[in-house]
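Undergrad: Residues per chain, in single letters:
Number of protein chains: 2
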Amino acid sequence: MKTSKLLFETLRDAPNDCIIASQKLMTRGGYMKYMHNGIYSLYASTKRMAKKVENIIREEMDRIDGQEVLFPVVMPASLWEESGRYTSIGSEMARFKDRSGNNVVLGMTHEEAAVHLARNTANSYTQYPFMIYQIQTKFRDEPRCRGGLIRVREFTMKDAYSFHTSQEDLDRYYERCYEAYERIFKRAGAKNVIAVKSDSGMMGGSISHEFMLLADIGEDTLAICPECGYKANMEVAELKIENEPGEIEELEKIYTPDIKTIDDLCKFVNIPAQKLCKAVVYQKNLTDEYIIVFIRGDLDVNETKLRNYIGEEIHPAIITEESGIVAGFIGAVNQNAKAQLVFDRSLEGIQSLVCGANEVDYHYKGFNVQRDYGDVEYVDVAKIFEGAVCPVCGKKTVNISNGIEIGNIFQLGTKYTKSMDMTYLDSDGVEQNPIMGCYGIGVGRLIASICEESHDDYGPIWPISIAPWQVEICNLRRKDEEVSAACEKLYEELQARKIEVLYDDRDMRPGSMFADADLFGIPVRVVISPKTMQKGIVEVSYRDKSFKGEIPADEAEDKICEMVAELMSEYNI
Amino acid sequence: MKTSKLLFETLRDAPNDCIIASQKLMTRGGYMKYMHNGIYSLYASTKRMAKKVENIIREEMDRIDGQEVLFPVVMPASLWEESGRYTSIGSEMARFKDRSGNNVVLGMTHEEAAVHLARNTANSYTQYPFMIYQIQTKFRDEPRCRGGLIRVREFTMKDAYSFHTSQEDLDRYYERCYEAYERIFKRAGAKNVIAVKSDSGMMGGSISHEFMLLADIGEDTLAICPECGYKANMEVAELKIENEPGEIEELEKIYTPDIKTIDDLCKFVNIPAQKLCKAVVYQKNLTDEYIIVFIRGDLDVNETKLRNYIGEEIHPAIITEESGIVAGFIGAVNQNAKAQLVFDRSLEGIQSLVCGANEVDYHYKGFNVQRDYGDVEYVDVAKIFEGAVCPVCGKKTVNISNGIEIGNIFQLGTKYTKSMDMTYLDSDGVEQNPIMGCYGIGVGRLIASICEESHDDYGPIWPISIAPWQVEICNLRRKDEEVSAACEKLYEELQARKIEVLYDDRDMRPGSMFADADLFGIPVRVVISPKTMQKGIVEVSYRDKSFKGEIPADEAEDKICEMVAELMSEYNI
Chain B
0 MKTSKLLFET
10 LRDAPNDCII
20 ASQKLMTRGG
30 YMKYMHNGIY
40 SLYASTKRMA
50 KKVENIIREE
60 MDRIDGQEVL
70 FPVVMPASLW
80 EESGRYTSIG
90 SEMARFKDRS
100 GNNVVLGMTH
110 EEAAVHLARN
120 TANSYTQYPF
130 MIYQIQTKFR
140 DEPRCRGGLI
150 RVREFTMKDA
160 YSFHTSQEDL
170 DRYYERCYEA
180 YERIFKRAGA
190 KNVIAVKSDS
200 GMMGGSISHE
210 FMLLADIGED
220 TLAICPECGY
230 KANMEVAELK
240 IENEPGEIEE
250 LEKIYTPDIK
260 TIDDLCKFVN
270 IPAQKLCKAV
280 VYQKNLTDEY
290 IIVFIRGDLD
300 VNETKLRNYI
310 GEEIHPAIIT
320 EESGIVAGFI
330 GAVNQNAKAQ
340 LVFDRSLEGI
350 QSLVCGANEV
360 DYHYKGFNVQ
370 RDYGDVEYVD
380 VAKIFEGAVC
390 PVCGKKTVNI
400 SNGIEIGNIF
410 QLGTKYTKSM
420 DMTYLDSDGV
430 EQNPIMGCYG
440 IGVGRLIASI
450 CEESHDDYGP
460 IWPISIAPWQ
470 VEICNLRRKD
480 EEVSAACEKL
490 YEELQARKIE
500 VLYDDRDMRP
510 GSMFADADLF
520 GIPVRVVISP
530 KTMQKGIVEV
540 SYRDKSFKGE
550 IPADEAEDKI
560 CEMVAELMSE
570 YNI
Chain G
0 MKTSKLLFET
10 LRDAPNDCII
20 ASQKLMTRGG
30 YMKYMHNGIY
40 SLYASTKRMA
50 KKVENIIREE
60 MDRIDGQEVL
70 FPVVMPASLW
80 EESGRYTSIG
90 SEMARFKDRS
100 GNNVVLGMTH
110 EEAAVHLARN
120 TANSYTQYPF
130 MIYQIQTKFR
140 DEPRCRGGLI
150 RVREFTMKDA
160 YSFHTSQEDL
170 DRYYERCYEA
180 YERIFKRAGA
190 KNVIAVKSDS
200 GMMGGSISHE
210 FMLLADIGED
220 TLAICPECGY
230 KANMEVAELK
240 IENEPGEIEE
250 LEKIYTPDIK
260 TIDDLCKFVN
270 IPAQKLCKAV
280 VYQKNLTDEY
290 IIVFIRGDLD
300 VNETKLRNYI
310 GEEIHPAIIT
320 EESGIVAGFI
330 GAVNQNAKAQ
340 LVFDRSLEGI
350 QSLVCGANEV
360 DYHYKGFNVQ
370 RDYGDVEYVD
380 VAKIFEGAVC
390 PVCGKKTVNI
400 SNGIEIGNIF
410 QLGTKYTKSM
420 DMTYLDSDGV
430 EQNPIMGCYG
440 IGVGRLIASI
450 CEESHDDYGP
460 IWPISIAPWQ
470 VEICNLRRKD
480 EEVSAACEKL
490 YEELQARKIE
500 VLYDDRDMRP
510 GSMFADADLF
520 GIPVRVVISP
530 KTMQKGIVEV
540 SYRDKSFKGE
550 IPADEAEDKI
560 CEMVAELMSE
570 YNI
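Protein chains in written order, with numbering that gives the first Met the number 0: chain B, 0 to 572; chain G, 0 to 572.
Since the hints were made in silico from the structure, they are not lab data. These numbers were taken from a predicted model, which means no experiment stands behind them. One thing to keep in mind: the hints can contain errors.
You can't tell identical chains apart in this list, so a pair holds if it fits in one copy or across any two.
To be verified - The list that follows gives simulated cross-link-like pairs (lysine to any residue, SDA-like), each with its CA atoms no further than 20 Å apart:
no.	residue 1	residue 2
1	Lys-96	Ala-76
2	Lys-395	Arg-143
3	Lys-497	Asn-571
4	Lys-4	Glu-167
5	Lys-478	Arg-496
6	Lys-283	Glu-311
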């Protein structure tokens with residue numbers, strides 16, 4: 000490709016609304032064009048990268064016996080009603096009526112479609128296991144789009160669905176897919192990727208892992224133990240608490256006027272927050288029923304763990320007067336409001352706590368849960384924190400990091416095959432529901448994440464396995480016929496040897512051409528100028544600055560092919 | 000791929016609602032699964048074919064300097080308001096509100112997106128010409144889905160957009176694209192494809208061609224002159240009429256009671272339909288204004304030509320009493336209704352006509368348009384017919400054929416660049432609107448159309464360039480270890496030599512396996528059985544029945560590779 004004919008635009012500065020490095024550099028480099036909130040068109044360079052990423056994914060999916068299929072983007076609501084997700088998924092799923100008045104949805108995930116394709120087809124146990132996957136456009140009406148291609152509404156995704164006749168078989172396949180994902184991310188040049196245990200969210204099912212690219216700008220928070228290798232999304236990380244029991248005291252109501260915050264209360268009664276029994280109130284989405292969570296004063300509620308314990312969607316409560324809940328002074332003793340009370344494990348074993356008295360301007364001192372309230376089931380709904388006890392090795396070594404989710408794998412069980420009535424006959428002729436797994440990777444997000452970890456101030460540094468082109472030739476004197484002829488010759492020769500070349504044939508100043516080249520992020524750069532012609536050499540450098548040198552012009556073709564092959568070999572695993 | 004692990008289902012009989020051969024055979028062969036009206040999932044075999052077709056398209060688009068990009072499926076209505084198509088396109092465009100209440104549409108074509116991507120980027124004449132294309136899912140809310148993948152609502156399409164600084168440059172590029180299309184269809188194995196002049200429809204613009212695969216079941220009707228090679232969609236085919244003037248007569252009102260049809264009238268007054276002046280009434284979609292078309296009694300109105308003459312959308316009229324139009328007795332003389340009168344060229348030169356008298360149960364005889372009504376502009380809005388005069392060579396040789404539209408190319412002019420304010424600076428520094436062309440091919444329809452022309456009673460006969468696999472191995476005795484070992488060995492060896500093999504390893508009766516093989520439509524079939532083992536051979540046959548023979552088992556690998564190479568060579572153009 001010649002740069003003069005490439006449709007792109009580079010910017011000297013990123014627009015103000017660009018908040019992270021990959022977004023800034025990819026916007027400046029002309030990789031995508033904003034059309035609408037979370038909706039972008041991709042220029043040719045990005046599409047070239049996307050195709051390479053898709054091919055890596057395809058090869059690895061085929062290697063674990065995947066069959067590539069294609070599901071529709073627009074699907075009838077009736078299919079989603081079968082699984083129950085037409086109602087359980089909220090406004091992130093786009094819906095409309097077609098011209099005949101039928102309700103239809105835009106696919107944001109395709110479990111329903113996968114079951115639809117496979118049911119009545121895979122009727123015998125002999126046809127199992129199998130995995131079907133697609134690489135297709137998805138639309139998810141995200142409330143918070145951000146960071147360019149990191150979080151968008153429309154994106155290309157690989158989604159895979161496997162079907163099994165036993166949990167053991169799913170376990171084996173899940174492991175193979177886990178390894179395929181590791182290969183995919185390695186081959187695509189993503190370096191700091193870890194797999195963490197995760198929440199299954201709207202997918203249902205039990206075991207699941209997210210593949211996280213570690214990055215400060217990542218939206219996900221991860222708990223990692225460097226001692227034993229424990230890794231989990233903070234959403235599901237178990238918090239182990241070691242409490243000092245302290246002295247047992249009498250229950251005593253105290254007057255606490257003008258106390259608005261936890262801090263105020265700690266100061267007023269002169270105790271650390273660890274001795275407070277804090278109350279946090281939620282409501283169930285469907286029924287508005289109140290849930291009061293009691294938790295140690297220094298800790299926060301993990302809403303995902305709470306939701307999973309409650310078993311349905313929840314949201315922070317709006318406390319009305321009629322509810323009987325005395326905001327700011329909520330306690331367990333004499334709690335007359337109609338609410339479900341939840342006691343976090345962090346309160347277990349503390350003899351005396353300070354808590355609300357359900358009366359404006361009053362708290363209790365010396366609250367002992369068992370003595371003053373009764374036997375309770377302590378559950379784990381607290382957020383893990385830096386330095387917490389590792390739930391696996393028991394050392395106080397938990398680190399908190401940020402990550403971008405670039406892939407996920409789920410064990411779905413029979414949630415979809417049961418609700419959608421997919422069965423097969425086992426070897427005894429008995430009808431069974433197959434057990435499913437599902438496996439996703441977002442293509443655009445992976446590319447942007449790789450940019451996030453692989454760039455300098457001047458532009459992306461693309462791994463050669465996904466770079467839009469392998470080699471860029473910079474013609475520093477377009478008007479010099481000899482220089483241009485040499486560039487053209489090398490361009491043709493390298494292409495004939497299947498090297499992907501971007502040839503910058505524009506008539507412009509070297510500084511601007513190099514600035515663009517940095518933004519293109521192409522691994523190998525070749526510079527030809529009147530000076531290099533005179534010396535009988537070409538200048539070659541690597542985008543990551545690890546190499547810069549001169550090679551004899553008459554060996555340029557061979558040497559560059561060798562360099563490309565060597566760089567590529569790193570990703571041929 | 001082993002058939003035992005391939006997700007598919009073959010049917011002995013096609014469901015009753017399958018109306019055409021490709022639909023029947025592709026449904027029976029497990030190529031796609033119906034999900035909703037005009038919405039299908041594709042099984043692996045079809046997806047494999049789609050990828051091959053897409054790669055052929057990609058190579059040919061790249062060969063004419065195309066840059067592959069990606070536009071969004073979901074687009075803001077505001078973009079379509081700029082071009083005016085948000086209102087001019089009807090309910091075939093799906094629309095909904097996103098979670099923020101913004102109006103969005105599903106892309107059914109991407110002129111607006113192409114201009115959005117290129118404007119403010121291609122600002123200088125030096126960047127022209129360029130062509131951008133994508134291969135992406137489209138949704139068009141068709142009122143009449145039919146024929147399986149022939150006419151669906153959701154489909155994968157290659158759509159390309161070129162931008163030019165002069166009409167001459169567009170003409171040159173249009174010609175290159177025309178030739179690229181011919182190569183694409185040849186390489187994909189479509190045989191009976193012709194390009195015809197076509198109507199530009201909702202695209203706007205002037206010159207356009209459709210590529211038609213000739214097939215009786217095609218929805219498009221084509222006028223073809225075997226003498227001179229003239230080819231046009233009937234929608235735009237010019238009708239040349241040679242009238243006998245006949246005698247001039249007096250205008251005379253006649254009583255024509257109980258005359259309901261053209262036939263009745265011809266019998267009643269004893270004249271041929273060629274002497275009748277028939278009236279056909281339409282209304283403009285936007286204003287409901289009436290249009291009365293007068294046309295020779297034996298001819299039909301071509302609504303596309305009429306729409307293009309009127310310059311806006313029209314529909315057959317609903318004639319109300321208030322309109323003043325006397326249905327069944329409409330004429331030009333004393334026509335008092337508020338309506339636009341259109342005179343088709345077929346009336347020109349006839350001295351005496353029979354026509355309605357605008358009075359129930361009365362007609363006129365001896366109607367002479369110029370004498371009795373006045374000077375009129377004759378326009379061509381009649382449908383061409385079998386045996387009509389060729390508008391190019393003038394012989395009465397026009398044939399009428401049916402075709403399936405498998406591709407189209409349009410010259411768009413500046414319709415979109417003007418309305419959407421896309422400009423560049425020309426070499427004099429003057430702002431200009433670029434001139435556009437656009438070019439589409441539907442992937443699934445092409446595959447189904449090829450099946451339509453390339454099948455027998457037992458299944459599709461896929462051209463090897465797009466066949467899901469190149470070779471199928473049939474193991475006729477799964478339980479025989481020697482047979483199975485020989486099959487397995489050949490399967491591995493061929494795959495190692497990059498041959499795409501489907502290995503039918505199922506334990507089933509030969510008759511059923513061969514029936515499935517016919518439905519798979521794979522070009523080269525290899526049969527291994529105890530009998531062939533004994534003879535030291537393998538049986539090889541071509542799906543199109545052009546070859547069947549035995550080859551020594553120890554030469555099988557080489558011979559089969561040669562056969563595949565030879566078959567493939569036909570498509571390497």
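Undergrad: When no copy is named, should Lys-497 and Asn-571 be tagged within, between, both, or neither for a Cα gap of at most 20 Å?
TA: both (17 Å within a copy, 19 Å between copies)
Undergrad: For Lys-283 vs Glu-311, is the C-alpha pair at or below 20 Å within one copy, between two copies, both, or neither?
TA: This pair counts as within: shortest intra-copy Cα distance 7 Å, inter-copy 55 Å.
Undergrad: How do Lys-96 and Ala-76 come out at 20 Å by Cα distance, when the copy is not named: within, between, both, or neither?
TA: So Lys-96 and Ala-76 pass the 20 Å test inside a copy (10 Å) and across (17 Å) alike.
Undergrad: Between the shortest in-copy and the shortest cross-copy C-alpha distance, which are at most 20 Å for Lys-4 and Glu-167: within, between, both, or neither?
TA: So Lys-4 and Glu-167 pass the 20 Å test across copies only (19 Å; inside, 55 Å).
Undergrad: At most 20 Å between C-alpha atoms: does Lys-478 with Arg-496 qualify within a copy, between copies, both, or neither?
TA: Neither: 27 Å inside a chain and 48 Å across chains, both beyond 20 Å.
Undergrad: Classify it for me, Lys-395 with Arg-143: is the Cα-Cα distance of at most 20 Å met within a copy, between copies, both or neither?
TA: Neither way: Lys-395 and Arg-143 sit 35 Å apart in one copy and 67 Å across, limit 20 Å.
Checked against the numbered hints above, the structure breaks hints 2, 5 and satisfies the rest.
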